[in-house]
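Asker: Numbering (our numbering), first residue to last: 1 to 557.
Keep in mind the hints are simulated off the structure, nothing from the lab.
Among these hints, one or two may not hold up.
Stated by the list, open to error - Below are the EDC-like pairs computed for lysine to aspartate or glutamate, each with C-alpha atoms no more than 16 Å apart in a straight line: (1) Lys356 with Glu225; (2) Lys353 with Asp471; (3) Lys256 with Glu58.
Remember, predicted model here, so these are calculated numbers, not experimental data.
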Amino acid sequence: MDAEGWAVLPWPGAAGAVAAGVGPARVPLTAAPAGNGSVSGVRAAAGEGPEAERAGGEVRLLRRRWVVVLLFSSYSLCNAFQWIQYGSVNNLFSRFYGQPAFAIDWLSMCYMLAYIPLLFPVAWLLDCRGLRFIAVAGSGLNCLGAWLKLGSLKPHLFAVTVLGQVVCAVAQVFILGMPSHIASVWFGAQEVSTACSIAVFGNQLGIAVGFLVPPVLVPDVEDLEQLAYHISIMFFITAAVATALFILVIIVFQDKPPHPPSRAQALIQSKPPEDYSYLHSILRLLHNTNFLLLMISYGLNAGCFYALSTLLNRMVLSHYPGEVVNAGRIGLTIILSGMVGALISGIWLDKTKTYKYTTLVVYIMSLVGLVVYTFTLSLGHLWVVFVTAGALGFFMTGYLPLGFEYAAELTYPESEGTSSGLLNVSAQVFGIIFTISQGQIMDRFGTWAGNIFLCSFLLLGTIITAFIKADLRRQQANLGSEQTVSKAPLIPAQSLPFSLGQTLIYPFPSNCDYLLLFLQSSVKPHRGSAFLAFVVMILAMSGMEAHICSADGTVYH
């Protein structure tokens, strides 16, 4: 053998111990008999070790998964509606209860405040008690909070409405971080991003309804008794819907399907429960640099969205006095366009798996949208505000499910409830800071200055997003279990331009699409060079990354 040849193998990325990137692995490669064409010894590298065997049970998708995600979206909608129902008619509740606008703002901000200390207990309950317990608790607390508000229909009972809102805020902790968990546990690898978008869809639709319905059900009337009557109608409808959804959750919801929907879930379920430590999981997440960068950038974007949603009524009325209904419709436009953006993003991710580039582009367009909205708000033309607000919402609101799915990819096999929960903690912290700060800036310097304040932080978030590396661990796990070498079409030995040697030492890169292995061969050097150049050219044109490894273990990129 006086020349080097190569084989091109699908590289699934990280199934088995060696695929974690801990160092070189010795893989015996035995030449196949003529006409048989197999490569033995590579199976361990491709994910057919003991873990793959344990996870090799039946993978099946159930139609029930759509009922689960739609029911979750429905009670998430109800909870999100209760978050924004005060802020969308801030001026009316301020007059009814005799409280300053800042006090009414806190009815929205208490959602953000409650989430921060309760995240870890709820995430622990999710891991210990399961998804059904979390769903029943979340929908039940949401129902209880809605009924408590019916006891606050007198101007002196502001404390009661605060209590009801706080209970709903606690319910939100059981809801907000669940979309990525439900998507991963119930949906297959090719639809998980779409499912997550649908789950987030409900929360966004609830905010949209919260912008639209309160200005219609609670008109601007001077008589406080008439105002109380209209408020009671809104509270009664909300409580009835919340009760119906709570009953449905008790009847329908399950912890997980009887069969795992994907190989990644099968691998997780194959691990003994005693191998999992909640504290260690959090520590691993906090030591994941890419996840920490995502947590900050997600918090900046979502925090800006929370501030805009909470202060939109005040923002619009400062430039267009008396346009309470249109202020709600502008909020509705932001959310509806964002729902479309979220759904398109989810479908796009399922098709392309381009998490980093999609997230970065959406983040940049969110910044552009907010800048345009800032400079058109004061032009005096409401239709312009509707258009620019819609463009802003398409990207800013559409970013939210992208963050959940990107986090699930970066942190696999950690619990999606924990990773998305940490994202939401960041969002709530920045949401409180931005809402208070922007409100004070608007009072002193006007809405333009307040929006520029938010633009500066979106710019910072864009820069941070650019530094996140696309370490897609969940995709690697799915490929490692589903696209093993033994299951891939094998090339007959006689059709290869080389003969296989006995042993090859090479490292396992975790971020490449194909691994090109130099093997001992009798092929001519010039013929081999042409073949290698052709393969590398095809991979490059496909946007894939290739690692070329020689027989002595040297890696070329």
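Asker: A separate judgement is required for each hint: does it hold in the structure or not?
Answerer: Status of the hints after comparison with the structure:
Of the pairs offered as hints, the one joining Lys356 and Glu225 is violated, with about 54 Å between alpha carbons and a cut-off of 16 Å exceeded. For the proposed pair Lys353 and Asp471, the alpha carbon gap of about 12 Å is at most 16 Å, so the pair holds. Distance hint between Lys256 and Glu58 is fulfilled; the C-alpha atoms sit about 15 Å from each other, no more than 16 Å.
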